[in-house]
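In order, the protein sequence lines correspond to chains A and B.
Quick note: the first sequence uses this note's numbering, first residue 544, plus one each step.
Quick note: the second sequence uses this note's numbering, first residue 802, plus one each step.
It is possible that part of the hints are untrue.
Straight-line distance between alpha carbons at most 20 Å, and here's what the computed EDC-like set of lysine to aspartate or glutamate pairs gives [as the list claims (entries may be wrong)]:
#, chain 1, residue 1, chain 2, residue 2
1, B, K944, A, E562
2, B, K892, A, E562
3, B, K880, A, E596
4, B, K810, B, E881
5, B, K944, A, D584
6, B, K924, A, E562
7, B, K892, A, E569
8, B, K915, A, E596
9, B, K892, A, D584
10, B, K915, B, E830
11, A, K610, A, D584
To be clear, the hints were calculated from the coordinates, so they are not data collected in a lab.
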Amino acid sequence: MAAIKTENLEKELRSLIAEIIEVEEEKITLDASFVEDLGMDSMMALEILAAIEKKYKLRIPEEHLTKITNLKQVVNTTKEFFGKK
Amino acid sequence: MKLNIEDIKQILPQREPFLFIDEVLEFEEGKKVVAIKNITGKEDFFKGHFPGNPIMPGVLIIEAMAQAAIILASTILPKEEGKKYIYYLAKSNIRFLKPVFPKAKLKLVVEPLKIISGAGIVKTEAYIEDEIVARGEISFGRKEE
Numbered sequence: 544m545a546a547i548k549t550e551n552l553e554k555e556l557r558s559l560i561a562e563i564i565e566v567e568e569e570k571i572t573l574d575a576s577f578v579e580d581l582g583m584d585s586m587m588a589l590e591i592l593a594a595i596e597k598k599y600k601l602r603i604p605e606e607h608l609t610k611i612t613n614l615k616q617v618v619n620t621t622k623e624f625f626g627k628k
Numbered sequence: 802m803k804l805n806i807e808d809i810k811q812i813l814p815q816r817e818p819f820l821f822i823d824e825v826l827e828f829e830e831g832k833k834v835v836a837i838k839n840i841t842g843k844e845d846f847f848k849g850h851f852p853g854n855p856i857m858p859g860v861l862i863i864e865a866m867a868q869a870a871i872i873l874a875s876t877i878l879p880k881e882e883g884k885k886y887i888y889y890l891a892k893s894n895i896r897f898l899k900p901v902f903p904k905a906k907l908k909l910v911v912e913p914l915k916i917i918s919g920a921g922i923v924k925t926e927a928y929i930e931d932e933i934v935a936r937g938e939i940s941f942g943r944k945e946e
């Protein structure tokens with residue numbers, strides 16, 4: 544699934560994350576820390592991972608949960624698993 | 802595989818009057834749990850919810866779903882000998898479709914969406930006969946006691 548552009552993916556993921564963390568999309572910059580700046584907890588991180596899996600029909604193993612730290616990392620991780628699809 | 806009340810008590814830490822699973826009809830490791838709670842009408846909460854018009858509170862349907870989720874999680878999450886675990890509800894997103902009245906067999910179906918070592922998200926549905934009465938998702942965590 545190489546067709547999806549990074550900027551579109553970024554936009555989609557920002558919206559998905561905003562809904563789970565319950566913050567405005569504008570606050571989710573590429574580098575804003577989900578935990579320190581946006582108040583994410585560990586259950587929300589799991590929900591983000593599960594929502595990405597569902598939306599893009601991916602399977603992302605548990606060890607990648609630690610990469611749910613900011614939008615840039617989430618975009619990169621999601622792209623990595625698109626490649627493995 | 803089926804589980805009786807004694808098997809269930811080995812898995813669930815809850816006890817009467819807060820045990821909301823009476824039997825497990827299907828117990829497919831890591832994939833699915835189908836459980837039953839018999840609603841007799843003698844439960845204490847019916848006295849107040851509502852006087853003369855007994856309806857099972859939605860929050861207790863969520864509780865029954867969450868207990869079925871623990872049974873499912875117990876088949877997936879690793880257990881260490883001698884350790885006890887407590888489960889906590891992190892989030893519930895349930896839509897209630899029909900009211901549940903006394904003298905019903907509430908059937909709870911739970912399937913995993915994502916379960917990791919100390920937490921999980923499950924998809925769940927509740928039925929009376931074959932009619933769906935509630936459905937949604939539940940997130941929960943597990944800690945050592």
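Evaluation of the provided hints:
At roughly 26 Å between alpha-carbon atoms, K944 of chain B and E562 of chain A are farther apart than 20 Å, so this suggested pair is violated. Between K892 of chain B and E562 of chain A the alpha-carbon distance is near 14 Å, which keeps this suggested pair within the 20 Å criterion. Between K880 of chain B and E596 of chain A, the direct Cα distance comes to roughly 26 Å. Violation of the 20 Å bound is thereby established for this hinted pair. Only pairs whose Cα atoms come within 20 Å are accepted, and K810 of chain B paired with E881 of chain B is accepted, the gap being roughly 18 Å.
The hinted pair formed by K944 of chain B and D584 of chain A meets the criterion: a straight-line CA distance of about 15 Å does not exceed 20 Å. Taken as a hint, the K924 of chain B and E562 of chain A pair is honoured in the structure, with Cα atoms around 19 Å apart against an allowance of 20 Å. Between K892 of chain B and E569 of chain A the CA atoms are separated by roughly 25 Å; this puts the pair beyond 20 Å, and the hint is violated. Taking the CA atoms of K915 of chain B and E596 of chain A, the gap is about 9 Å. The hint holds against a cut of 20 Å.
Among the hinted pairs, K892 of chain B with D584 of chain A is consistent with the structure: their alpha-carbon atoms are about 12 Å apart, no more than 20 Å. Only pairs whose Cα atoms come within 20 Å are accepted, and K915 of chain B paired with E830 of chain B is accepted, the gap being roughly 14 Å. Distance check on the hinted pair: K610 of chain A and D584 of chain A sit about 13 Å apart at the alpha-carbon level, within 20 Å; holds.
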